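Participant: Below are the chains, spelled out letter by letter.
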Amino acid sequence: MAKEFINAKMIVDKDFKVSEIDPRIYGSFIEHLGRAVYGGIFEPEHPEADESGFRQDVLELVKELQVPIVRYPGGNMVSAYNWEDGVGPKEDRPTRLELAWRTIENNQVGTNEFAEWANKAGTDVMMAINLGTRGIDAARNLLEYTNHPGGTYYSDLRRSHGYEQPHNFKTWCLGNEMDGPWQVGGKTAEEYGRLAYETAKAMKLVDPSIELVSCGSSSSDMPTFPQWEATTLDHTYEFADYVSLHQYYTNYEDDTPNFLARSMEMDHFIKTVISTCDYIKAKKRSKKTINLSFDEWNVWFHSTADDNKMEPWQIAPPQLEDVYTFEDAVLVGSLLHTLLKHSDRVKMACMAQLVNVIAPIMTDNGGKVWKQTIFYPYYYTSVYGRGIALDPVVESPKYDSKDFTDVPYLDTSVVYNEEKDELVVFATNRHMENTLKVDCDIRSFEGFRVIEHVVLENDDPKAVNTAEQTNVAPHNKGESHTDGGTLHGILPKMSWNMIRLRK
Amino acid sequence: MAKEFINAKMIVDKDFKVSEIDPRIYGSFIEHLGRAVYGGIFEPEHPEADESGFRQDVLELVKELQVPIVRYPGGNMVSAYNWEDGVGPKEDRPTRLELAWRTIENNQVGTNEFAEWANKAGTDVMMAINLGTRGIDAARNLLEYTNHPGGTYYSDLRRSHGYEQPHNFKTWCLGNEMDGPWQVGGKTAEEYGRLAYETAKAMKLVDPSIELVSCGSSSSDMPTFPQWEATTLDHTYEFADYVSLHQYYTNYEDDTPNFLARSMEMDHFIKTVISTCDYIKAKKRSKKTINLSFDEWNVWFHSTADDNKMEPWQIAPPQLEDVYTFEDAVLVGSLLHTLLKHSDRVKMACMAQLVNVIAPIMTDNGGKVWKQTIFYPYYYTSVYGRGIALDPVVESPKYDSKDFTDVPYLDTSVVYNEEKDELVVFATNRHMENTLKVDCDIRSFEGFRVIEHVVLENDDPKAVNTAEQTNVAPHNKGESHTDGGTLHGILPKMSWNMIRLRK
Amino acid sequence: MAKEFINAKMIVDKDFKVSEIDPRIYGSFIEHLGRAVYGGIFEPEHPEADESGFRQDVLELVKELQVPIVRYPGGNMVSAYNWEDGVGPKEDRPTRLELAWRTIENNQVGTNEFAEWANKAGTDVMMAINLGTRGIDAARNLLEYTNHPGGTYYSDLRRSHGYEQPHNFKTWCLGNEMDGPWQVGGKTAEEYGRLAYETAKAMKLVDPSIELVSCGSSSSDMPTFPQWEATTLDHTYEFADYVSLHQYYTNYEDDTPNFLARSMEMDHFIKTVISTCDYIKAKKRSKKTINLSFDEWNVWFHSTADDNKMEPWQIAPPQLEDVYTFEDAVLVGSLLHTLLKHSDRVKMACMAQLVNVIAPIMTDNGGKVWKQTIFYPYYYTSVYGRGIALDPVVESPKYDSKDFTDVPYLDTSVVYNEEKDELVVFATNRHMENTLKVDCDIRSFEGFRVIEHVVLENDDPKAVNTAEQTNVAPHNKGESHTDGGTLHGILPKMSWNMIRLRK
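Protein chains in written order, with the numbering used here: chain A, 21 to 523; chain B, 21 to 523; chain C, 21 to 523.
Isolated chain A (complex conformation):
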């Protein structure tokens, strides 16, 4: 007969910090892909559309998530994109074959519209330049268009398009996944390093205040990882501020314990990239440290089979519309723990993506908007996970799965919000049958008591939310409580939890 409880121990100390958390680790991503833009954030015919065509119901959920930064316009799409197609009078914008996703792009949304939407959503924009089919010239012109005040050809062009003030985008991706053989205009590490270096140089001459993201590997599974990082950073080090990481997590084999352990992959990936950055730092005798932008991460596999059957050359077809299960949400919670644990080096991260396309927010064209299961851990971590990431001591029982050994049942991250004097413990119980009891020594937080314990749990790992029915949603009836200097965390079987404490 199975034990009903397993036990773990933690120590949380205010002085054992990982880092101040950069809020941009709660970023997201809108690519011109499927229904992310058209039918997602933008649907002029929708009853909820504002005067610019943006769905206000979608905007409300984005604002609820407090997304600090959104990557745009791609993704793979950017590698064959001409930014000029998406600016100026809408009736003059060309309709293009979009080669990355093999759809029709009519360019009714472009740089300026997205800047406007981001403004409404209260978020910053992480722009990307095309280093697939283009290079220095297109990049310097776009940057002049978006960031130069006026008095020059491209800045005046922007003004003539109705945007008197520069958008002042501060963060720019030097292309997207240039190591990927699927990428239009893909590059070898040497080719990318040279092109990205020269383009970055010209961009920082146009606007030295920007920050640049050098393309890292498209996933840790790439055969060129991590040599790609070493070779490319050797070129781009002088001008790069960040290196990107992308990874998607799958459960094709329907092996939940193994799936829930995949955040260990993310952890290992991050550590390897940090090591590679610092190796190049040493090699270059540099005083500058490159930080990490984990600017594509999520669960992605549900829609793949359907997408492979999709007819090409449709406008905004339903591509990559993963319907997320409860177990996906539990893993997403663990992935967020992992980002927080590395918040000393991971300064940006983007859940890919935001609406409809492998996204926490789903819409029906002309219809409803709703929250997928993964919305919830993203929401709570983004809203309450601000301040200082602490470095807890954790002792947990462990298990082995197909791909992983010594997987702790307890996965956790801890944040101290000095401003609110609030301690927040995010915790996942990976055990599929037993409740996890955690005795957490919070000696340095004298007098703190549990003010809320939010639990995301479900008897069915495959439960999903739909437009009609919310089967997966959190409750705040968690039973954790304090007893003197100890927090007694009660984490139901296979659950994600947030326990907030204050004096």
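Hints in this document: simulated from the structure, not taken from any laboratory.
Note that the coordinates shown come from a computational prediction; the quantities given were computed from them, not determined experimentally.
Ideal placement from N, C-alpha and C gives every residue a C-beta, glycine not left out.
Careful, some of the hints might be misleading.
Label-pair ranges, simulated between beta-carbon atoms [claimed, not checked]:
#1 A:Ser295 / C:Trp202: 30 to 38 angstroms
#2 A:Ala325 / B:Ser229: 20 to 28 angstroms
#3 B:Lys304 / A:Tyr272: 25 to 33 angstroms
#4 C:Pro201 / A:Pro169: 27 to 35 angstroms
#5 A:Pro201 / C:Pro243: 31 to 39 angstroms
#6 A:Val343 / B:Glu210: 43 to 51 angstroms
#7 B:Asp426 / C:Lys303: 37 to 45 angstroms
#8 C:Thr324 / A:Asp70: 48 to 56 angstroms
#9 B:Glu210 / A:Asp480: 48 to 56 angstroms
#10 B:Glu210 / C:Thr324: 35 to 43 angstroms
#11 A:Tyr299 / B:Glu210: 21 to 29 angstroms
#12 B:Glu210 / C:Asp298: 48 to 56 angstroms
#13 B:Glu210 / C:Pro201: 42 to 50 angstroms
#14 C:Pro201 / A:Asn27: 53 to 61 angstroms
Partial chain B-side listing against chain A, Cβ under 10 angstroms, derived [unchecked claim]:
#15 Arg160
#16 Thr172
#17 Tyr173
#18 Ser175
#19 Asp176
#20 Ser180
#21 Arg214
#22 Tyr217
#23 Lys221
#24 Leu225
#25 Val226
#26 Pro228
#27 Glu231
#28 Ala325
Once you have looked at the hints, place chains B and C on chain A.
Facilitator: Just chains B and C now, kept in the frame of chain A:
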């Protein structure tokens, strides 16, 4: 005193096949060069011009040849060509310095006109993209322009130019002779491999139904042959369907026996390219086989000295206007044997070129059209050489020449046309003085008899045809005949022959 | 107590020649940089401006210098320059962010205006193409625009811009300082070699009469010198006629004897480049010799600190406005000796630059024009240093300085002008305290006497000229004289001298 006869033996068996013959091995080539286009296929002022300006007298001869595919628009010319110059209203088309041949190109014929001409000629088009001065972007735009039905910028541009239906060009050359130091924007093998791979990738995203030809060496004499093939195919293998071969044959030293043996060069070249393709196939553990497109071949040397004196910057000057001799025609016959012998791997070939420029068809501006000597072997092989290439056993006396050893006097190829139940023996006698008697065992073709024996012979190896006088032309009075299961072939000294047999 | 005199010996013989002097070693440079163009040669609002806006007071001084060739439009600026921006109706020309110098370029002067100015100044133009952000296509179009008579798109475009006759620019730089990490679109040696070779090939197809300058190192201090020269010339050898050298000389440490010896650096640099050229010549078994174009040289360091504080994005700000001292002029004299000593291989050289920007000629906007100290040695050498450079035997006392050993106090170059039957001895005395007496055996110039001895001397090494006051200027009261076959040169302490002799 010389013997009057020499003897050879052959066995032809229905079951010993080389391959089904791809009709496209009888392709040709029209480049924007000299008077191939202007004054060749197109001459609006000519009395024979149709409403589009195409010479109908030329068209008739092209149709007579049953040319299945014509390469266009280059050749060297394509490496500095902007396809946009050749579309849209003719009065708006720019006049350019054509750098490959140093002429003036006024762009009155372009992609659409050529598609129209090809349609009238009943031939397909083998298009080429510019990988000299351009890359992915120009290629994907052109392909969208020619092959996408409509609803996008470039497909709608084509429709606005009066071509509602897409041309649906199926075969595309990834640049031309990019290994040649004379090529504008030439490439190293590594550079070409990378660019061709990335361009091919984008093109197959636009239209996955197309077939692509990866550039092979400009000739087997190039110092980079065959390493060029190995290096470039290592890059392009995934997207390439064919590799190109180009070779021109000369008789500068006026050594006819040596000249007539030059088809052995072609044979050796083809074998080496096959080996190289299959080496890369093994190296890549690929299941795909790359076939060969011998898309430039002919005799070319008569006009070289004159061309070197040509004044630059003329419109359609008489460049590369080789006047072909009888011996040239005999070699062309052997070159066609060689292509047929390799028809299991050579799936396309283009006699370079079709009209005026090293061509079987010549014209006078405003005047006549006529057939050069080489027209005849090309005509008969193209028209009657359809079906299955057989693999005959041949025993022939041999000779040595300056560059070759063991040259068989008898050079032959055999085709069985199942549809017509017709056996066709193409045969060359390389002996300059003696008749060649061939005893050919045709045991598997019971009851077949000679229905026609066409002979191309002439006492003067240097005899040529002109507008005024046809000195070289075939007759069908050959004396070959069957006797039970044996074909007694009688091949006059230095002659090319076609012997057709039916029940 | 210091000796008042030191003694040196020379022998000058008509038959011991270095070379016929190419007058283009007295070239200069106008870059779109600071006030070189706007406020320098061009200032339509100035009272001295002619109908085209060119300052005639500036033109007068340029003509006085007899500058044979002027490099244009850059310099670093050319590496992100679109030549099309600077042609056509002035009101349609775009205003650009100029990235090399971070200024605003409104393109009111461009190729045609400069050609017109050069014509007025009686000088040729050494054009440069952009190999930073552009390549073959922009180069061939520009060359067609400037040099093709008409009847093609770009030549007719020039004619439509009001320039019926081609400019026929004969000398073209294949980019500028492409080895420099500061260069927009900088290149590795391999990248540059390939791009320059392919671009040169296309350019010589457009106009075979042009001469091309392959980019050498930005200075002999570059870590890639001289491997850059070896690698790039290995590519460009076939089409290059010259290789460029750039070097600026500084006196940051205020060590005059060391500073005055810096012409030895130039000498060593030239020798190393000659060796590298000839190594590649041998490697390529070539019969062609590459000559040298020392197309940027001067003293430059006075303005650096101020320039680093300059606000970006100004129109024609006062950048690189070195105010030259007397000692700078003395070194400039020695640099000119060095060029003359190598006139067998140095066929072009450009004092960088001509007006306002590290220049011999200074202006006030709306105000005066005046001669800097360095104007004088440049003027006399340019005007009188034409003919045949002789190779004198020199015996001089020497000194050691911080960076140099065995520095001869006497630095000299000798020119024989056959046409005028005039012998000109240019001579520098590097000694800061003592007069230098030179006994010069001129046995082959029987009956020659001193007709002028010009001296540039000053008690204050730091004396400068300003708009208001000319503190440094030459006088012709030098005391040199002949005695039979001997010229007794009297060179005052720390002076530059020109001694002219005729029969």
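Participant: Which hint numbers does the structure go against, in order from smallest to largest?
Facilitator: 12, 13, 20, 27, 28
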